[in-house]
Amino acid sequence: METVKETEGAKTDINELKDIARRIRINLLRMLTNAGSGHTGGSLSAADIVTALYFAKMKHDPKNPKWGERDRFILSKGHAAPLLYTVLAECGYFDKSELMTLRRLSSRLQGHPDCKALPCVEISTGSLGQGLSIANGVALSGKIDNASFRVYVLLGDGETQEGQVWEAAMTAAHYKLDNLCAIIDRNRLQIDGAVEEIMSIEPVVDKWEAFGWNVIETDGHDIAKILSALNEAEKVKGKPTMIIAHTIKGKGVSIFEGKVEYHGIAPTKEELEIALKELEA
Amino acid sequence: MVEMIATRDAYGNALTELGSAHQDVVVLDADLSGSTKTGKFAKKFPERFFNMGISEQDLVGTAVGFAITGKVPFASTFAVFESGRAWEQIRQSVCYPFSNVKLVASHGGITVGEDGASHQSVEDIALMRVLPNMTVIIPADAEEMRQVINVVYDYRGPVYVRAGRNKTPIIYGKDYQFKIGKAVVHHIGKDVNIIAAGIMVYFSLQAAEELKKEGIDAGVINMSTIKPIDKEAILKAAEASRAIITAEEHSVIGGLGSAVAEVLVENLPVPMMRVGIKDRFGTSGKPEELLKYFGLTAEDIKKAAMEVIKRK
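So the protein sequences, as listed, match chains A and B. The first sequence begins at 1 in the working numbering and counts up one residue at a time. The second sequence begins at 282 in the working numbering and counts up one residue at a time.
Derived by calculation from the structure, the hints in this document are not laboratory data. Don't take every hint at face value.
Listed below are the simulated DSSO-like cross-link pairs for lysine-lysine, each with C-alpha atoms no more than 27 angstroms apart in a straight line [said to hold, decoys possible]: (1) LYS567(B) to LYS508(B); (2) LYS225(A) to LYS237(A); (3) LYS448(B) to LYS325(B); (4) LYS143(A) to LYS207(A); (5) LYS176(A) to LYS116(A); (6) LYS460(B) to LYS517(B); (7) LYS176(A) to LYS96(A); (8) LYS176(A) to LYS325(B); (9) LYS460(B) to LYS143(A); (10) LYS143(A) to LYS324(B); (11) LYS494(B) to LYS460(B); (12) LYS239(A) to LYS324(B); (13) LYS324(B) to LYS471(B); (14) LYS448(B) to LYS517(B); (15) LYS143(A) to LYS277(A); (16) LYS116(A) to LYS508(B); (17) LYS324(B) to LYS176(A); (18) LYS96(A) to LYS277(A).
Distance ranges between label pairs, derived from CB positions [said to hold, decoys possible]: (19) LYS66(A) to GLU369(B): 53 to 63 angstroms; (20) GLY462(B) to ILE144(A): 51 to 61 angstroms; (21) GLY462(B) to VAL260(A): 41 to 51 angstroms; (22) GLU16(A) to LYS460(B): 51 to 61 angstroms; (23) THR101(A) to GLY351(B): 39 to 49 angstroms; (24) LEU279(A) to ASN548(B): 55 to 65 angstroms; (25) LEU105(A) to GLU491(B): 48 to 58 angstroms; (26) GLY315(B) to SER200(A): 53 to 63 angstroms; (27) GLU369(B) to LYS96(A): 45 to 55 angstroms.
From the three backbone atoms N, C-alpha and C, an ideal C-beta is built for every residue, glycine too.
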């Protein structure tokens with residue numbers, strides 16, 4: 001049996017975490033521009049959440065990606081692959097130079113995450129609505145083994161329009177999966193427009209509470225608040241927790257913020273210049 | 282009289298034995314555990330059985346979660362719902378990442394009977410066969426099913442196994458040995474060879490007996506693994522008889538007949554006929570009535586064999 005280790009290089013200094021998130025935004029925009037396509041808006045909106053998870057909250061070991069007691073992270077909104085890759089590279093799972101291969105033929109960095117190509121990705125995603133069910137299976141498996149790991153899963157807000165999400169919502173509550181914490185990146189935009197206009201998901205808090213979940217609302221760009229929500233979730237027994245993280249699509253770059261058109265396109269070279277100026281200021 | 286056991290019962294028994302031998306076996310069902318026979322496992326190992334309610338997509342996703350934490354999940358429901366309702370989940374989360382999930386679907390084909398078309402899967406093999414990384418198996422009897430369950434536990438990767446609702450004759454003894462991708466050659470005929478799967482294997486053996494009485498040497502091959510298909514066995518049979526019949530309790534589109542045709546047409550085109558459901562939905566009726574209605578009896582196989590021989 002392996003002993004429970006502290007997260008490799010875990011950071012609790014909020015300013016340092018903010019700086020990592022800033023670096024991650026810079027790197028993911030560089031990789032997107034280099035690739036010429038990919039999902040900008042939803043990668044930026046979730047950057048602070050995923051930074052908080054990988055650099056402060058989760059126990060994991062980049063030198064031992066398959067460590068049995070590691071906390072699991074499942075990116076149900078698989079189109080935020082650029083964010084996941086940048087975070088994994090920043091953690092040291094692979095060399096940052098590989099980021100420039102995104103979406104190229106034979107690259108391990110597929111358009112959407114491929115766990116066969118890149119084993120530090122827990123499961124391939126990209127088709128929306130499936131990650132929560134998978135996270136439930138991991139959490140149930142942990143329960144029957146009395147394992148200490150926790151399971152984190154990130155969903156898009158538009159993604160919760162998928163029916164399977166609600167099947168899985170029932171399952172997590174039914175099986176009392178308190179070792180599971182789901183997070184919705186509530187950036188309020190989906191490809192075709194505003195979530196509330198395309199297909200309303202409100203009242204989102206009431207819905208998840210009605211399904212038997214502990215629900216926490218937080219500012220998805222305030223790392224200290226994200227961490228306190230994640231810590232609070234860990235204390236709740238007998239039910240899963242859903243963190244509704246209020247975010248801004250394209251967060252961090254003025255020309256992308258709140259712009260639906262940047263859901264699925266990469267920044268041009270000129271746009272990247274503007275973005276880097278803002279992020280490096 | 283031959284002994285009769287439903288392959289779904291054989292599944293339930295094999296699964297329970299497997300659960301005793303291996304702690305990593307977990308079983309999931311979507312509110313049909315009494316029918317799929319996973320209920321037997323549930324009774325013995327309640328801590329490793331998970332009823333997901335009526336939610337096939339979540340059933341498959343949850344099974345994937347178990348698989349990626351090192352468990353060997355068996356996920357069961359009716360073939361229609363498992364292969365159809367959860368097809369895209371099987372594609373994205375089981376096949377694409379090569380998850381070690383065993384999908385064992387019961388109530389395959391039209392012999393579901395009275396429940397009618399909504400519950401009779403005539404497309405599941407086609408739907409599963411088209412998926413990269415998927416292995417597709419239809420055991421012909423209870424003994425083959427018992428062995429299949431043990432073999433797929435040892436095999437690492439996605440598998441779809443089809444079980445039937447009704448009692449069917451026992452064909453194989455304990456000396457039989459199932460191997461993934463290896464057809465069971467009962468006999469190679471000089472005049473015609475019948476390549477069958479599932480319940481049609483027994484009917485094909487009966488048809489071959491009848492043909493023998495008429496002086497026709499008909500061979501029978503049990504193609505229990507539809508994918509990866511045993512190309513070598515197909516070509517040997519085609520070489521020997523220059524006429525091939527396929528027999529399946531499934532649409533003639535996309536299933537065993539198509540798989541065999543693909544091999545023949547690219548390698549050794551010979552006259553061929555497919556006994557199966559002719560691009561139609563099922564209907565209510567007694568299983569034996571439906572077999573006649575859809576042309577899936579030993580007599581239908583015999584007729585097709587005589588017809589194909591004429592085309593040589």
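Verification of the hints:
At most 27 angstroms may separate the alpha-carbon atoms for a hinted pair to count; LYS567(B) and LYS508(B) exceed this at roughly 30 angstroms. Taken as a hint, the LYS225(A) and LYS237(A) pair is honoured in the structure, with Cα atoms around 21 angstroms apart against an allowance of 27 angstroms. Distance restraint check for LYS448(B) and LYS325(B): the Cα-Cα separation of roughly 24 angstroms lies within the 27 angstroms cut-off, and the hinted pair is therefore satisfied. Taking the CA atoms of LYS143(A) and LYS207(A), the gap is near 26 angstroms; set against the 27 angstroms cutoff, the hint holds.
With a CA separation close to 31 angstroms, the supplied pair LYS176(A) and LYS116(A) exceeds the 27 angstroms bound. Straight-line distance between C-alpha atoms of LYS460(B) and LYS517(B) comes to about 18 angstroms, which keeps the hinted pair within the 27 angstroms bound. For the suggested pair LYS176(A) and LYS96(A), the alpha carbons sit about 39 angstroms apart, so the restraint of at most 27 angstroms is broken. A distance of roughly 22 angstroms separates the Cα atoms of LYS176(A) and LYS325(B); the hinted pair therefore holds under the 27 angstroms criterion.
The straight-line distance between the Cα atoms of LYS460(B) and LYS143(A) is roughly 35 angstroms, outside the 27 angstroms bound, and the hint therefore fails. About 19 angstroms separates the Cα atoms of LYS143(A) and LYS324(B), which keeps this hinted pair within 27 angstroms; it holds. Only pairs whose Cα atoms come within 27 angstroms are accepted, and LYS494(B) paired with LYS460(B) is rejected, the gap being roughly 32 angstroms. Distance hint between LYS239(A) and LYS324(B) is fulfilled; the C-alpha atoms sit about 26 angstroms from each other, no more than 27 angstroms.
Simply put, LYS324(B) and LYS471(B) have alpha-carbon atoms about 50 angstroms apart, too far for the 27 angstroms limit, and the pair is violated. Of the supplied pair hints, the one linking LYS448(B) and LYS517(B) is violated, its CA atoms being roughly 32 angstroms apart against a limit of 27 angstroms. Only pairs whose Cα atoms come within 27 angstroms are accepted, and LYS143(A) paired with LYS277(A) is rejected, the gap being roughly 47 angstroms. Proposed proximity of LYS116(A) and LYS508(B) is supported: the alpha carbons are some 22 angstroms apart, at most 27 angstroms.
Only pairs whose Cα atoms come within 27 angstroms are accepted, and LYS324(B) paired with LYS176(A) is accepted, the gap being roughly 21 angstroms. Taken as a hint, the LYS96(A) and LYS277(A) pair is honoured in the structure, with Cα atoms around 21 angstroms apart against an allowance of 27 angstroms. About 28 angstroms separates the C-beta atoms of LYS66(A) and GLU369(B), a value inconsistent with the hinted range of 53 to 63 angstroms. The beta-carbon spacing between GLY462(B) and ILE144(A), approximately 33 angstroms, falls outside the hinted interval of 51 to 61 angstroms.
Between GLY462(B) and VAL260(A) the Cβ separation comes to about 49 angstroms, which falls inside the hinted range of 41 to 51 angstroms. Range check, GLU16(A) to LYS460(B): Cβ separation about 57 angstroms, and the 51 to 61 angstroms hint holds. The beta-carbon spacing between THR101(A) and GLY351(B), approximately 30 angstroms, falls outside the hinted interval of 39 to 49 angstroms. Checked against the hint of 55 to 65 angstroms, the C-beta distance between LEU279(A) and ASN548(B) comes to roughly 60 angstroms, which is consistent with it.
Distance hint check: the CB atoms of LEU105(A) and GLU491(B) are about 56 angstroms apart, consistent with the given range 48 to 58 angstroms. As the Cβ distance of GLY315(B) to SER200(A) is approximately 39 angstroms, the hint placing it in 53 to 63 angstroms is violated. At about 34 angstroms, the CB distance of GLU369(B) to LYS96(A) disagrees with the hint of 45 to 55 angstroms.
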